[in-house]
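K.L.:
Sequence:
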Amino acid sequence: MSKIINILLILVCFVTIHSSSQLPEGFVYVKDQIPSIELEMRYFGTNNFVGAKVDGYEAETCILSLSATLALQKVQADLKKENLGIKIFDAYRPQRAVDHFQRWARNLKDTLTKQQFYPNVAKKDLFKLEYIATKSRHSSGSTVDVTIIDLSTKKELDMGSSYDFFGKISWVSYQDLTKIQLQNRALLQRLMLKHGFRNYPQEWWHFTLRGEPYKNQYFDFPVK
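For the sequence shown, our numbering assigns the number 1 to the initial residue and increments by one for each residue that follows.
Worth flagging that the hints you see were computed from the coordinates, not collected in a lab. Hints are all accurate, no fakes.
With a straight-line Cα cutoff of 30 Å, these simulated BS3-like cross-link-like pairs (lysine-lysine) come out:
hint	residue 1	residue 2
1	Lys109	Lys135
2	Lys53	Lys123
3	Lys80	Lys154
Label-pair restraints from in silico Cβ distances:
hint	residue 1	residue 2	range
4	Gln22	Pro119	36 to 42 Å
5	Phe127	Thr46	21 to 27 Å
6	Ser162	Glu60	18 to 24 Å
7	Ile180	Gln217	37 to 43 Å
Every residue gets a Cβ at the ideal spot worked out from N, C-alpha and C, and that includes glycine.
All chains, full assembly: derive it from the sequences and hints.
P.N.:
Following this line, the structure appears as structure tokens:
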């Protein structure tokens, strides 16, 4: 019996350490707080505009400030009433990842992902058009990139453009979409704004918590 108790204590310690280690005070693993949320952390893999795993992403896990996570928890609760849920593409983003984006954007010869992510935008214009920046609100820990999924099928609702597509079709104000696409975008915008987030006009998926706790602080601890 004592051996079983010791094993259980070790397991409890492991879970506690996983939940708190490596994170500055005020940050949490989103899955620990919202177990039902779906993750597809694009920068840990190669399905992104860089076409490679991005610096600073060492695990397919999701980190946010506690404040942003608790607000997102309310969005998830509202969506679950309609058998819908949130999927996260990116959340806290280390500064080293932002630096990686800058290096990629300045390499004008690398256009391998152009057709998928920016077919109508010249790569040299990505900074001017504010698709790439030297600093990102993500690095402050309260910005999140999300969409809505059907909880039964895990399929994403049709938003009219894919995540990280650089172009006017991704703008929140863009109207040349189907009725269903417009309704899906409106639902996401309404619920995120209702629970304390503000949008980024050029990206329907991008939201920052109002009154974010670490505004203008840019963290660089890895996602792991």
